[in-house]
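**Student:** The residues making up each chain are set out below.
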Amino acid sequence: MATARTARDPILLALLVATLLLLAAMIAAAVRPGFAETCTYAALWVAGFEGFCAALFALGTARSQAAGRARVWILANAVQQALLLGVLVWLERNEIDGGFVFAYPKATAFFLYVFWPSQVLFLVFFAWPYRRWFHTDDDAARVATLLREHGVSRGEDA
Amino acid sequence: MTILACLAVYFVVCIAIGLASMRRTRDATDYFLAGRTLGPWLAGMATFSSIVSGFLFVGGPGLFYRMGMSPLWMMITGGLGGALASLLVARPLRLLSELRGIVSLPAAIEARYRSRTASLLTSLTILCGVFSYLGAQVLAMGSVLRVLLHAAGYEGEASLTVCVFASCGVVLFYSVSGGMLASVWTDLFQGIIMITASAFVFATAITVWDDGFETMDRVIFATDEAAMMPFGRFGMAGCFAWFLMFSVGGCGQPHVITKNMMLRDLRDLRRVAILNFVAGTLAVLTLLAIGTVMRATVAAGDHPPIGNPDAAAPAFLLAFAHPVLAGVVFAALFAAIMSTADSFLNIGAAVLVQDIPRALRGRTPTHDLAWARVATLAIAALSGVTALLSGDLVAILGAFGWSTFAAALVPLIAIGFHWKRATASGAIASVVISLVLNLGGKAFPTWIPRGVDVGTFALLASIATFLAMGFASRPPRIDPDVEAMMDV
Numbered sequence: 052m053a054t055a056r057t058a059r060d061p062i063l064l065a066l067l068v069a070t071l072l073l074l075a076a077m078i079a080a081a082v083r084p085g086f087a088e089t090c091t092y093a094a095l096w097v098a099g100f101e102g103f104c105a106a107l108f109a110l111g112t113a114r115s116q117a118a119g120r121a122r123v124w125i126l127a128n129a130v131q132q133a134l135l136l137g138v139l140v141w142l143e144r145n146e147i148d149g150g151f152v153f154a155y156p157k158a159t160a161f162f163l164y165v166f167w168p169s170q171v172l173f174l175v176f177f178a179w180p181y182r183r184w185f186h187t188d189d190d191a192a193r194v195a196t197l198l199r200e201h202g203v204s205r206g207e208d209a
Numbered sequence: 163m164t165i166l167a168c169l170a171v172y173f174v175v176c177i178a179i180g181l182a183s184m185r186r187t188r189d190a191t192d193y194f195l196a197g198r199t200l201g202p203w204l205a206g207m208a209t210f211s212s213i214v215s216g217f218l219f220v221g222g223p224g225l226f227y228r229m230g231m232s233p234l235w236m237m238i239t240g241g242l243g244g245a246l247a248s249l250l251v252a253r254p255l256r257l258l259s260e261l262r263g264i265v266s267l268p269a270a271i272e273a274r275y276r277s278r279t280a281s282l283l284t285s286l287t288i289l290c291g292v293f294s295y296l297g298a299q300v301l302a303m304g305s306v307l308r309v310l311l312h313a314a315g316y317e318g319e320a321s322l323t324v325c326v327f328a329s330c331g332v333v334l335f336y337s338v339s340g341g342m343l344a345s346v347w348t349d350l351f352q353g354i355i356m357i358t359a360s361a362f363v364f365a366t367a368i369t370v371w372d373d374g375f376e377t378m379d380r381v382i383f384a385t386d387e388a389a390m391m392p393f394g395r396f397g398m399a400g401c402f403a404w405f406l407m408f409s410v411g412g413c414g415q416p417h418v419i420t421k422n423m424m425l426r427d428l429r430d431l432r433r434v435a436i437l438n439f440v441a442g443t444l445a446v447l448t449l450l451a452i453g454t455v456m457r458a459t460v461a462a463g464d465h466p467p468i469g470n471p472d473a474a475a476p477a478f479l480l481a482f483a484h485p486v487l488a489g490v491v492f493a494a495l496f497a498a499i500m501s502t503a504d505s506f507l508n509i510g511a512a513v514l515v516q517d518i519p520r521a522l523r524g525r526t527p528t529h530d531l532a533w534a535r536v537a538t539l540a541i542a543a544l545s546g547v548t549a550l551l552s553g554d555l556v557a558i559l560g561a562f563g564w565s566t567f568a569a570a571l572v573p574l575i576a577i578g579f580h581w582k583r584a585t586a587s588g589a590i591a592s593v594v595i596s597l598v599l600n601l602g603g604k605a606f607p608t609w610i611p612r613g614v615d616v617g618t619f620a621l622l623a624s625i626a627t628f629l630a631m632g633f634a635s636r637p638p639r640i641d642p643d644v645e646a647m648m649d650v
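Residue numbers (my numbering), protein chains in the order written: chain W, 52 to 209; chain Z, 163 to 650.
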């Protein structure tokens, strides 16, 4: 029987707040024409989205030994997203034409500086902390114990 | 003729895999979960192949052609989405599958929430998505085959109906004979074709213009500045909505996450995620390359304008690709469509044979392997007939399948499997709200304010409902083994 208040409730509360923030941004954009093109909207969305993702990652790593490292990854991802989105919104608002960083048109720069950093971050994430989540003796032992206790004979596989 | 020869070889290999898999499919667990024996490479490639569908070579390049940079916001979610799906969905589903011998998503929902109503609603959502997605895939295969036959001089002899049933026949043969085992082995073959074709398409695309993409970008920028701005023609709000929907929505796609239940070893999840990521990155290059080349070529006046953006890929192949490469890419196109179609056939059959009877009567029928094969045939036949009769309706339904699954299933699986306060009533309410918003948005598009993405709004509303009802209710009773699984 679950207890009245679970340990993960604060994470879920943060997720609910972030979700409501994103919903509020969408509703505001729907009722106020032009709001969806403003920096305020972008800031609201980035804050909501980063909170949303951070809560989901925290939920997924709540009992993992790598939770601390995952927090570092979340922070790095959040900073990257916020900086890049800030630059993009600034470019949009100021209508700067081609030839900004290294004389590339914006689309190329966008591809280079948004797409690839995201991909590299992901690889770092999987190569570094995530590896531990399925390889620590503690995690493997917990899974094996769970399966054995419930009569699953293939427990040693997990 | 070269293209048709490539297709014929591809079809023959698929049929051979179906025949080989038939001997190893002995019961329902084999049929629906490939006996829970998949290694990381097979599972990773099966997952990748199931995700991409016809979007890789048709819809995706068309979006780039029409909207410029906007679809990149959909594509760059691969890393984040893969990480979330591995963390939140793959591990609990794989564990629960082994603990309870579960073969489908509705069964996992029933085990977690102790609710046959929640399981039934999940089954109906999946079935609705199966018919719409499958109908769209079947129609796409028939249409492409008809175009190819027409180009080869068989005009008048091949109606759309004949082409639909001919192409559908191949995927149906290996799905019915070999079940999920045939599905994942053909997925491996299909994935290899898709990745190979993607690499060759990208290599061809960068040589079309002397200075590669930099010149192409400048040409497009000169004629349509908005398309090459960071948010493309879809605008900031639309791009943000896509980014959220496609990074989080992957946690709710039944044809994809079911593959996690088939892993032989839980530790292989890490390798599956990396393989998916690498294959997905290559696939993005294909979409970007075809869309950009065709847009720049048309902008420069070197190619007549393309009326239907979805024709960007065929136009690229006919204009710039060697006939053998075109043949491989068309085979890859069929591979992309078939790999998604066979996954839907399998999960649809599981819903019909196991999940709905269990939700209604509390038990599954005996002789379920035979029934599974009959159900697979029935779903294929119904999807084919529906696709032929309803025309545009199927295409519309297929287009919103991703967001329907995401909004209905993400809260129940990605959140509910990690939160003990999540309740069955919250699960039921969030599924109902997601379906009402998604279907309502499609039925009455004029009611939707400009700039609001209905799918993303439905996903957020569904999550908020699920969480609010969990906090407002007393913590539910959870079976001890499921609770132990949530504590691992």
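A couple of the hints might just be wrong.
Simulated restraints, written as ranges between beta carbons of each label pair [to be verified]:
id, chain 1, residue 1, chain 2, residue 2, range
1, Z, 598, W, 89, 22 to 32 Å
2, Z, 395, W, 98, 43 to 53 Å
3, Z, 167, W, 195, 44 to 54 Å
4, W, 195, Z, 536, 36 to 46 Å
5, Z, 386, W, 79, 21 to 31 Å
6, Z, 610, W, 71, 35 to 45 Å
Heads up, incomplete: computed chain Z residues facing chain W, CB under 10 Å, no partners named [stated by the list, open to error]:
id, residue
7, 253
8, 257
9, 531
10, 605
A short list of chain Z residues far from chain W (calculated; beta carbon distances all over 12 Å) [unchecked claim]:
id, residue
11, 166
12, 169
13, 362
14, 403
15, 409
16, 483
17, 486
18, 548
19, 587
20, 601
21, 614
22, 619
23, 623
24, 625
Everything labelled a hint here was simulated from the structure, so no lab data went into it.
All C-beta atoms in this analysis are idealised placements derived from N, C-alpha and C, irrespective of residue type, glycine included.
**Student:** Against the range 35 to 45 Å, how does the distance between the Cβ atoms of residue 610(Z) and residue 71(W) compare: consistent or not?
**Tutor:** Roughly 20 Å apart at Cβ, these two residues miss the hinted range, so it is violated.
**Student:** Compute the least Cβ-Cβ separation between residue 486(Z) and chain W, then decide whether it is above 12 Å.
**Tutor:** Given that every Cβ of chain W is farther than 12 Å from that of residue 486(Z), nearest at about 30 Å, it holds.
**Student:** Hint residue 257(Z) vs chain W: min CB-CB distance below 10 Å?
**Tutor:** With Cβ-Cβ at 7 Å, under 10 Å, it holds.
**Student:** Does the claim that residue 625(Z) lies outside the interface with chain W hold up, using a Cβ gap greater than 12 Å?
**Tutor:** It is violated; residue 625(Z) is separated from chain W by about 5 Å at its closest Cβ, not greater than 12 Å.
**Student:** How does the Cβ-Cβ distance of residue 598(Z) and residue 89(W) compare with 22 to 32 Å: does it lie in that range?
**Tutor:** holds, 30 Å
**Student:** Taking the closest pair, is the beta carbon of residue 619(Z) still more than 12 Å from chain W?
**Tutor:** violated, 6 Å
**Student:** Could you check the hint for me, namely that residue 195(W) and residue 536(Z) are 36 to 46 Å apart, CB to CB?
**Tutor:** holds, 39 Å
**Student:** Report holds if the minimum CB distance from residue 483(Z) to chain W is greater than 12 Å, and violated otherwise.
**Tutor:** holds, 23 Å
**Student:** Since residue 362(Z) was said not to touch the interface, does its Cβ keep a gap of more than 12 Å from each Cβ of chain W?
**Tutor:** holds, 21 Å
**Student:** Could you check that no beta carbon of chain W comes within 12 Å of the beta carbon of residue 403(Z)?
**Tutor:** violated, 8 Å
**Student:** With 12 Å as the threshold, tell me whether residue 409(Z) passes as away from chain W on beta-carbon distances.
**Tutor:** Check fails; 8 Å does not lie beyond 12 Å.
**Student:** Can the suggested window of 21 to 31 Å be confirmed for the beta-carbon pair residue 386(Z) and residue 79(W)?
**Tutor:** holds, 29 Å
Hint check: violations occur at hints 2, 6, 9, 10, 14, 15, 21, 22, 23 and 24; the rest are consistent with the structure.
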